[in-house]
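These protein sequence lines are chains U and F, in that order.
Just so we're aligned: the first sequence equals residues 1 to 229 in my numbering.
Just so we're aligned: the second sequence equals residues 1 to 229 in my numbering.
I should point out that these hints are in silico values taken from the structure, not numbers from a laboratory.
This structure is a prediction, so every number in the text was calculated from the model and none was measured.
Using N, Cα and C, we set each Cβ at its ideal position, and we do this for glycine too.
Do not rely on the hints blindly, as some may be mistaken.
[Stated by the list, open to error] Chain F is nowhere near these chain U residues, computed Cβ spacing over 12 Å in every case: (1) ILE24; (2) THR37; (3) PRO48; (4) ASN66; (5) LYS76; (6) SER81; (7) LEU103; (8) ARG118; (9) GLN122; (10) MET176; (11) PRO186; (12) GLU198; (13) GLU217.
[Stated by the list, open to error] Straight-line distance between alpha carbons at most 16 Å, and here's what the computed EDC-like set of lysine to aspartate or glutamate pairs gives: (14) LYS23/U <-> GLU13/U; (15) LYS4/U <-> GLU27/U; (16) LYS212/F <-> ASP40/F; (17) LYS216/F <-> ASP139/F; (18) LYS157/U <-> ASP139/F; (19) LYS140/F <-> GLU218/F; (20) LYS15/U <-> GLU217/F; (21) LYS229/F <-> ASP221/U; (22) LYS229/U <-> ASP133/U; (23) LYS229/U <-> GLU63/F; (24) LYS82/U <-> ASP54/U; (25) LYS90/F <-> ASP139/F; (26) LYS229/F <-> ASP54/U; (27) LYS157/F <-> GLU93/U; (28) LYS229/F <-> GLU158/U; (29) LYS216/U <-> GLU93/U; (30) LYS216/F <-> GLU185/F; (31) LYS3/U <-> GLU63/U; (32) LYS157/U <-> GLU93/U; (33) LYS140/U <-> GLU225/U; (34) LYS3/F <-> GLU225/F; (35) LYS229/U <-> GLU27/F; (36) LYS229/U <-> GLU225/F; (37) LYS216/U <-> GLU185/U; (38) LYS15/F <-> GLU93/U.
Residue-level listing of the chains:
2 protein chains.
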Amino acid sequence: PGKKVLIVYAHQEPKSFNGSLLKIAVEELTKQGCSVTVSDLYAMQFEPRATRNDIVGRLHNSEAFNYGVETWEAYKRGGLSKDLVEEQKKVQEADLLIFQFPLFWFNMPAILKGWMDRVLVQGFAYDLSKAYDGGLLQDKLSLFSFTTGGGHEMYSKEGIGGDIRYVLWPMQHGIMHFCGVKVLEPHICYAPENVSEEKRKEMLTAWSQRLKTLWKEEPIDCSPEWYFK
Amino acid sequence: PGKKVLIVYAHQEPKSFNGSLLKIAVEELTKQGCSVTVSDLYAMQFEPRATRNDIVGRLHNSEAFNYGVETWEAYKRGGLSKDLVEEQKKVQEADLLIFQFPLFWFNMPAILKGWMDRVLVQGFAYDLSKAYDGGLLQDKLSLFSFTTGGGHEMYSKEGIGGDIRYVLWPMQHGIMHFCGVKVLEPHICYAPENVSEEKRKEMLTAWSQRLKTLWKEEPIDCSPEWYFK
């Protein structure tokens, strides 16, 4: 109770299975007394492209545009574009970040990748020698909740898609852990489009049930062993 | 000679190191007699968001928008948006796809991920039971050429970033191999922003040299062993 949650949601259709998972999370967490904020990226028409428009006013070096340097400098002088400042404020206030999306090509959809690229800038999320366990977003938790097209058997060590944890490495370790954010077990719904209505309901119930005891969960040990053991 | 190459390029600044790598590839391949096409995503203001705008005309199911289903149906009836049709034509004609980009958060920049999400639709790049070695884009080669922020030592099995091959799994196996495209060894320039001018020149020369004998290279064995051995 009293915890703040930011759900970054990337699906075009409220009636989708991802939309149902979002709705359940908002309802369950609100019921617990959490304060829940949703960044509905498609509805916001969130900009995924990392461009000069992200910097308000003059550039640090207008001779050769370097996105990393320019956003770092802009962050320090309070010169990032309004949409980024708003997202950073939501992140700053949150105790838990939930990412809800359909897996696209073994990764998150571009609109969500763009959120990562543009919001988690140097100075805000990490800094020189402030990364991983020293990252700037410590004392926060994250949880990747996603649906897949392929079935569970496909995403196994012996399956053609390999262990599902392989695709989690860039997202959980390369982004969240890099920023100092702790990582809870992912929540994966396999192939909701290809299962029975009953099975889909079971998956929704399982998500709702998990959320009831979420705050008692321990983060994973976000090291190579967890992913590639 | 006579081979067709599509370079999908994702950097905002022509004067960047990525810009130099692009220029070298265009020059060297053209010199060899290849026909080279460049999709300069930022210059094109390429749209990374997968939305309803990608379908011209009526939706297959306007009650609940499903991007995968809608683009598949639209592809079959020739109803994809013009920018996608143009990119697909370039892919169809190419013998080799080169992706040139800076690694952002252990993956490609959102604008390039958006190219993958939107261009490689079902029916065009893969289909029901036509994936991996049976994918629809067979007889093509691909090569991921990218720069990193962190140094080589960081991206090793013992380094905090893990083996660089871990981040290649979703891109090479999950996208290219899935579509039936063969994968050449990646070309990685580590931390060009943090090395001497001399070292940078060496890296540019190495790329130019590699391209001279590129057509004699054998594709990698794109199986879990290559990535996680």
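Hint check results:
Against chain F, the non-interface label of ILE24/U holds: every CB pair exceeds 12 Å, the least being about 17 Å. In this structure THR37/U is separated from chain F by more than 12 Å, as the shortest Cβ-Cβ distance comes to about 21 Å. A beta-carbon of chain F comes within 12 Å of the beta-carbon of PRO48/U; the shortest separation is about 4 Å. Taking the minimum C-beta to C-beta distance to chain F, about 7 Å, the non-interface status of ASN66/U is violated against the 12 Å cut.
With 12 Å as the threshold on Cβ separation, the claim that LYS76/U sits away from chain F holds: the shortest Cβ distance comes to roughly 18 Å. The non-interface label for SER81/U is consistent with chain F: the shortest C-beta to C-beta separation is roughly 15 Å, beyond 12 Å. Chain F draws LEU103/U into its interface by the beta-carbon criterion, the shortest separation being 9 Å against a cut-off of 12 Å. Listed as outside the interface, ARG118/U is inconsistent with that label: its C-beta sits roughly 8 Å from the nearest C-beta of chain F, within the 12 Å cut-off.
The beta carbon of GLN122/U sits about 10 Å from the closest Cβ of chain F, which is not more than 12 Å, so the claim that it is off the interface is violated. The beta carbon of MET176/U sits about 10 Å from the closest Cβ of chain F, which is not more than 12 Å, so the claim that it is off the interface is violated. No beta-carbon of chain F comes within 12 Å of the beta-carbon of PRO186/U; the shortest separation is about 15 Å. Look at GLU198/U: its CB is around 19 Å from the nearest CB on chain F, clear of 12 Å, so calling it non-interface holds up.
Listed as outside the interface, GLU217/U is consistent with that label: its C-beta sits roughly 24 Å from the nearest C-beta of chain F, beyond the 12 Å cut-off. Restraint check for LYS23/U and GLU13/U: satisfied, since their Cα atoms lie roughly 12 Å apart, inside the 16 Å limit. For the proposed pair LYS4/U and GLU27/U, the alpha carbon gap of about 14 Å is at most 16 Å, so the pair holds. Restraint check for LYS212/F and ASP40/F: the C-alpha separation of about 23 Å exceeds 16 Å, so the hint is violated.
Only pairs whose Cα atoms come within 16 Å are accepted, and LYS216/F paired with ASP139/F is accepted, the gap being roughly 15 Å. Taking the CA atoms of LYS157/U and ASP139/F, the gap is about 27 Å. The hint is violated against a cut of 16 Å. For the given pair, LYS140/F sits about 12 Å from GLU218/F by alpha-carbon distance, which is consistent with the 16 Å threshold. Between LYS15/U and GLU217/F the alpha-carbon distance is near 48 Å, which puts this suggested pair outside the 16 Å criterion.
For a cut-off of 16 Å, the pair hint linking LYS229/F to ASP221/U is broken: about 21 Å separates their Cα positions. For the proposed pair LYS229/U and ASP133/U, the alpha carbon gap of about 21 Å is over 16 Å, so the pair is violated. Distance restraint check for LYS229/U and GLU63/F: the Cα-Cα separation of roughly 44 Å exceeds the 16 Å cut-off, and the hinted pair is therefore not satisfied. Note on LYS82/U and ASP54/U: the hinted pairing holds, with a Cα-Cα distance of about 8 Å set against a maximum of 16 Å.
In summary, the hint linking LYS90/F to ASP139/F is supported, as the alpha carbons are separated by about 15 Å, within the 16 Å threshold. For the suggested pair LYS229/F and ASP54/U, the alpha carbons sit about 41 Å apart, so the restraint of at most 16 Å is broken. Distance restraint check for LYS157/F and GLU93/U: the Cα-Cα separation of roughly 35 Å exceeds the 16 Å cut-off, and the hinted pair is therefore not satisfied. Simply put, LYS229/F and GLU158/U have alpha-carbon atoms about 14 Å apart, close enough for the 16 Å limit, and the pair holds.
A threshold of 16 Å between alpha carbons decides the hint, and for LYS216/U with GLU93/U the separation of about 20 Å lies outside it, so the pair is violated. Note on LYS216/F and GLU185/F: the hinted pairing holds, with a Cα-Cα distance of about 12 Å set against a maximum of 16 Å. This hinted pair does not check out: LYS3/U and GLU63/U have alpha carbons roughly 45 Å apart, beyond 16 Å. Restraint check for LYS157/U and GLU93/U: not satisfied, since their Cα atoms lie roughly 38 Å apart, outside the 16 Å limit.
Our distance criterion of 16 Å between C-alpha atoms is broken by LYS140/U and GLU225/U, whose separation comes to about 22 Å. For the given pair, LYS3/F sits about 31 Å from GLU225/F by alpha-carbon distance, which is inconsistent with the 16 Å threshold. For the suggested pair LYS229/U and GLU27/F, the alpha carbons sit about 44 Å apart, so the restraint of at most 16 Å is broken. As the CA atoms of LYS229/U and GLU225/F are separated by approximately 13 Å, the hinted pair is consistent with the 16 Å bound.
For the proposed pair LYS216/U and GLU185/U, the alpha carbon gap of about 12 Å is at most 16 Å, so the pair holds. Annotation: proposed proximity of LYS15/F to GLU93/U is violated, straight-line Cα distance about 38 Å (limit 16 Å).
Comparing the model with each earlier hint shows violations of hints 3, 4, 7, 8, 9, 10, 16, 18, 20, 21, 22, 23, 26, 27, 29, 31, 32, 33, 34, 35 and 38; every other hint is respected.
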